[in-house]
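> Sequence:
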Amino acid sequence: MHIAHRQRWDVTPKEAVQIQQRLRGKIMMGLSAPLPRHPLIAGADISYDKGSNKLFAAVVVLRLPSLEAIDTVTFVDRARFPYVPGLLSFREAPVLLECFKKLRRAPDVVMIDGHGLAHPRRFGIACHIGWLLDVPTIGCAKSILVGDYRRLGLRRGAHAPLIHKREVVGCAVRTRTGVQPVYVSIGHKIDLPTAVRLALRCAPRFRIPEPTRQAHLLVTQLRLANG
DNA sequence: GCGACAG
DNA sequence: ATCTTGTCGC
Ligand SMILES: [Mg+2]
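Numbering that gives the first Met the number 0 puts the first residue of the first sequence at 0, with every later residue one more than the last.
Since the hints were derived computationally from the structure, they do not count as laboratory data.
Backbone N, C-alpha and C define an ideal beta-carbon position, used for all residues, glycine too.
All clues stand as given, with none of them false.
Quick list of simulated restraints, FRET-style, between CB atoms: (1) 71 to 8: 22 to 28 Å; (2) 24 to 0: 21 to 27 Å; (3) 203 to 226: 32 to 38 Å; (4) 200 to 142: 20 to 26 Å; (5) 196 to 51: 38 to 44 Å; (6) 35 to 156: 19 to 25 Å; (7) 0 to 28: 20 to 26 Å; (8) 9 to 141: 25 to 31 Å; (9) 162 to 20: 19 to 25 Å.
Assemble the whole structure, with the sequences as input and the hints as a guide.
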């Protein structure tokens, strides 16, 4: 797929924060267009080898509702930015975008391992990648960066708003009964209820929705095969 | 100043 | 993110 090449990545952490503050207003909440009946959903994740300082990235494309694999791409590159909470996209997005470039066809939705609006400046990695791709994107994180939530039902499908500074920034979503929730937030061009429904549709069996779960399994294999 | 802190 | 043994529950 074609990627708008409108972001410099060789920046300092201070510049990165300024970029986030400038781009936060560009995020589109709400679906840009209705999703197809059987949407293609891409999952993206990274693995890291500290010995070689390399990032192993993968994007897998699945089709709903069957979750059958449609396409898979990978890319390996040197890490050029440290992990700083709140600045994850400056570390992980460049190599993930290389993966998206290799995709033959643009997915209808993208799911990123990390937050979107549930971020101190409302511009997590799912917002950043969604904006650069100009595709509906959701963040699906395994732990909280900012905010908190109250009473969450124990059953699969239960969800509760994630609140930060009196704003709803996402949703805690129970994808498996009695198991720790995942945290879903808007990345770009999508609304929160749709994002939550998609995450649940993508997680019929495991806590982690299949798109990011498959991407995670793949990058782990890739790292162990290379290093 | 202190604690929190996606991956 | 990675490292790392055993342990618990379906
Ligand atoms: Mg990850």
